[in-house]
Amino acid sequence: KAGVTQTPRYLIKTRGQQVTLSCSPISGHRSVSWYQQTPGQGLQFLFEYFSETQRNKGNFPGRFSGRQFSNSRSEMNVSTLELGDSALYLCASSLDGQGQETQYFGPGTRLLVL
Amino acid sequence: GDSVTQMEGPVTLSEEAFLTINCTYTATGYPSLFWYVQYPGEGLQLLLKATKADDKGSNKGFEATYRKETTSFHLEKGSVQVSDSAVYFCALSGKGRRALTFGSGTRLQVQP
Numbered sequence: 001k002a003g004v005t006q007t008p009r010y011l012i013k014t015r016g017q018q019v020t021l022s023c024s025p026i027s028g029h030r031s032v033s034w035y036q037q038t039p040g041q042g043l044q045f046l047f048e049y050f051s052e053t054q055r056n057k058g059n060f061p062g063r064f065s066g067r068q069f070s071n072s073r074s075e076m077n078v079s080t081l082e083l084g085d086s087a088l089y090l091c092a093s094s095l096d097g098q099g100q101e102t103q104y105f106g107p108g109t110r111l112l113v114l
Numbered sequence: 001g002d003s004v005t006q007m008e009g010p011v012t013l014s015e016e017a018f019l020t021i022n023c024t025y026t027a028t029g030y031p032s033l034f035w036y037v038q039y040p041g042e043g044l045q046l047l048l049k050a051t052k053a054d055d056k057g058s059n060k061g062f063e064a065t066y067r068k069e070t071t072s073f074h075l076e077k078g079s080v081q082v083s084d085s086a087v088y089f090c091a092l093s094g095k096g097r098r099a100l101t102f103g104s105g106t107r108l109q110v111q112p
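Quick note, the sequences are listed as chains A and B, same order.
Mind the numbering: the first sequence is residues 1 to 114 in the numbering used here, read in order.
Mind the numbering: the second sequence is residues 1 to 112 in the numbering used here, read in order.
Since the hints were derived computationally from the structure, they do not count as laboratory data.
One or more of the hints may lead you astray.
The calculated label-pair distances, taken between Cβ atoms and stated as ranges, are [to be verified]:
#	chain 1	residue 1	chain 2	residue 2	range
1	A	R67	B	T26	31 to 37 Å
2	B	Q45	A	L112	22 to 28 Å
3	A	G62	B	T26	27 to 33 Å
4	B	A53	A	R63	38 to 44 Å
5	A	E52	B	T26	32 to 38 Å
6	A	G84	B	Y39	22 to 28 Å
7	B	T26	A	Y10	34 to 40 Å
8	B	S14	A	N71	45 to 51 Å
9	A	S22	B	G78	37 to 43 Å
In the DSSO-like style, the derived pairs of lysine-lysine whose C-alpha atoms are separated by at most 30 Å in a straight line are [to be verified]:
#	chain 1	residue 1	chain 2	residue 2
10	B	K52	B	K95
11	B	K95	B	K77
12	A	K57	B	K95
13	A	K13	A	K57
14	B	K68	A	K57
15	A	K57	B	K52
16	B	K60	B	K95
17	B	K77	B	K60
18	B	K95	B	K68
Just so you know, these numbers come straight off a predicted model, no measurement behind them.
Don't be surprised by glycine CBs; every beta carbon is placed ideally from N, CA and C.
Model the full assembly from the supplied sequences, consistent with the hints where possible.
Structural data, given as structure tokens:
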């Protein structure tokens, strides 16, 4: 079974631009979560989607948004990029998103904002 | 809120040494506990997990026991290899929550 895939793997943007990242979960998985990883703040939860609905949201500004499609693929969007948005963005999928379930992570998209 | 505290790294060991990485947590109820590993340039891979008190998770020679009384989930391996060099993250998922709360990560470097 194919793992979680994320595209693109690397991105370079400038301040003020917007960016869209994509995540394809493991086949059959309906829950997709997004995390931001930075050297200073570590791994932080952004949001979680299930059946095209956002079920859970972390403490990030409204510039960070996402959506999920009927095939469970998910995208996240960051508008008006800031230097501090430079990070590794990780997507994770699980069957139903229940607490004890394992979340399987993709390789991440590394975003550099100049 | 929920939190996870890991021992500071980096941890440098010689091959075949014994490894312990400490992890303690704060959470209400009975969270599920996880250890993830991240190799350079890659995402996170699940190493092991435990979903209730006194459970022992194990995989690839690594073990961790869910200790409710000490709110701990320490990672151990009896004999590390150079290939174990990576960053290890302890994480929890609170009861009814779907988001993982991570520790700060511990970098392990194993020297031949």
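Results of checking the hints against the structure:
{"no.": "1", "hint": "A/R67 x B/T26: 31 to 37 Å", "result": "holds, 33 Å"}
{"no.": "2", "hint": "B/Q45 x A/L112: 22 to 28 Å", "result": "holds, 24 Å"}
{"no.": "3", "hint": "A/G62 x B/T26: 27 to 33 Å", "result": "holds, 29 Å"}
{"no.": "4", "hint": "B/A53 x A/R63: 38 to 44 Å", "result": "holds, 40 Å"}
{"no.": "5", "hint": "A/E52 x B/T26: 32 to 38 Å", "result": "holds, 33 Å"}
{"no.": "6", "hint": "A/G84 x B/Y39: 22 to 28 Å", "result": "holds, 26 Å"}
{"no.": "7", "hint": "B/T26 x A/Y10: 34 to 40 Å", "result": "holds, 36 Å"}
{"no.": "8", "hint": "B/S14 x A/N71: 45 to 51 Å", "result": "holds, 49 Å"}
{"no.": "9", "hint": "A/S22 x B/G78: 37 to 43 Å", "result": "holds, 41 Å"}
{"no.": "10", "hint": "B/K52 x B/K95", "result": "holds, 11 Å"}
{"no.": "11", "hint": "B/K95 x B/K77", "result": "holds, 28 Å"}
{"no.": "12", "hint": "A/K57 x B/K95", "result": "holds, 16 Å"}
{"no.": "13", "hint": "A/K13 x A/K57", "result": "holds, 25 Å"}
{"no.": "14", "hint": "B/K68 x A/K57", "result": "holds, 28 Å"}
{"no.": "15", "hint": "A/K57 x B/K52", "result": "holds, 26 Å"}
{"no.": "16", "hint": "B/K60 x B/K95", "result": "holds, 27 Å"}
{"no.": "17", "hint": "B/K77 x B/K60", "result": "holds, 9 Å"}
{"no.": "18", "hint": "B/K95 x B/K68", "result": "holds, 14 Å"}
This entry satisfies every hint, going by the numbered hints stated previously.
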